[in-house]
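**Student:** Given next are the chains, with one letter for each unit.
There are 2 protein chains.
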Amino acid sequence: MGATIDPAADVMTLINVFTVEPGRQQELVELLAEATEKAMKHQRGFISANIHKSADGKRVVNYAQWRSRGDFEAMQKNAQAAGHMKAAAAIAKFDPIVCVVASSHTA
Amino acid sequence: MGATIDPAADVMTLINVFTVEPGRQQELVELLAEATEKAMKHQRGFISANIHKSADGKRVVNYAQWRSRGDFEAMQKNAQAAGHMKAAAAIAKFDPIVCVVASSHTA
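For the protein sequence lines, the chains are V and C, in the order given. Remember, the numbering used here sits 36 above the position in the first sequence when you count from 1. Remember, the numbering used here sits 36 above the position in the second sequence when you count from 1.
Simulated from the structure, these hints should not be mistaken for laboratory data. Among these hints, one or two may not hold up.
No copy is singled out in the list; a pair is fine if it fits within one copy or between any two copies.
Only pairs whose alpha carbons sit at most 27 Å apart, straight line, appear in this in silico DSSO-like list of lysine-lysine [said to hold, decoys possible]:
1. K122 / K94
2. K94 / K129
3. K129 / K113
4. K77 / K129
Between the sequences and the hints, there should be enough to build the whole structure, so can you do that?
**Tutor:** See the structure below:
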């Protein structure tokens, strides 16, 4: 299981950087994984969510892909998805960056 | 061309979030692409660099993969690579997050 980053693919990328209270990184990782499986994954336009944890224990980054910005915004209005994000917001600050792939370079 | 995000792969991920002066986003994208092609790509352990630009014009995010943290740190000491990063630092602030993939969820 995994996602592909491809500048030629017509997808919207959301890079969400969470800053988490010390000692609660793993809890946030599990919360986001559960939110993805229970809510986001079943919304129209969901492609992938890839949850990363920082080596310093202070951040969690979700690299997520949606078919379009419209699909992503519709998900944000979904009550179940919003409930999960509220639970994440209770233990972390987050900085969501809506973006597109400009270029990809491989070895 | 593209990269794969896979929690089972033994790679180090660097998510570098650049905050750029208004109007200089494209310049930074090109600078990072050139730095990758000319310097980073030729360093030991380089796997991929994936440069994203935010819809609001204020950020650039480089999602990069290295074989190990040791390889990444060796690259940072490389004079040519350091020169490119200094040029990026002249027009943007950056927040590099060293991390690993905790989980990946696909549609």
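**Student:** It remains to establish, for every hint, whether it holds in the given structure.
**Tutor:** Results for each hint:
| no. | hint | result |
| --- | --- | --- |
| 1 | K122 / K94 | both (19 Å within a copy, 26 Å between copies) |
| 2 | K94 / K129 | both (11 Å within a copy, 19 Å between copies) |
| 3 | K129 / K113 | within (19 Å within a copy, 32 Å between copies) |
| 4 | K77 / K129 | within (22 Å within a copy, 34 Å between copies) |
When held up to the earlier numbered hints, the structure conflicts with none and fits them all.
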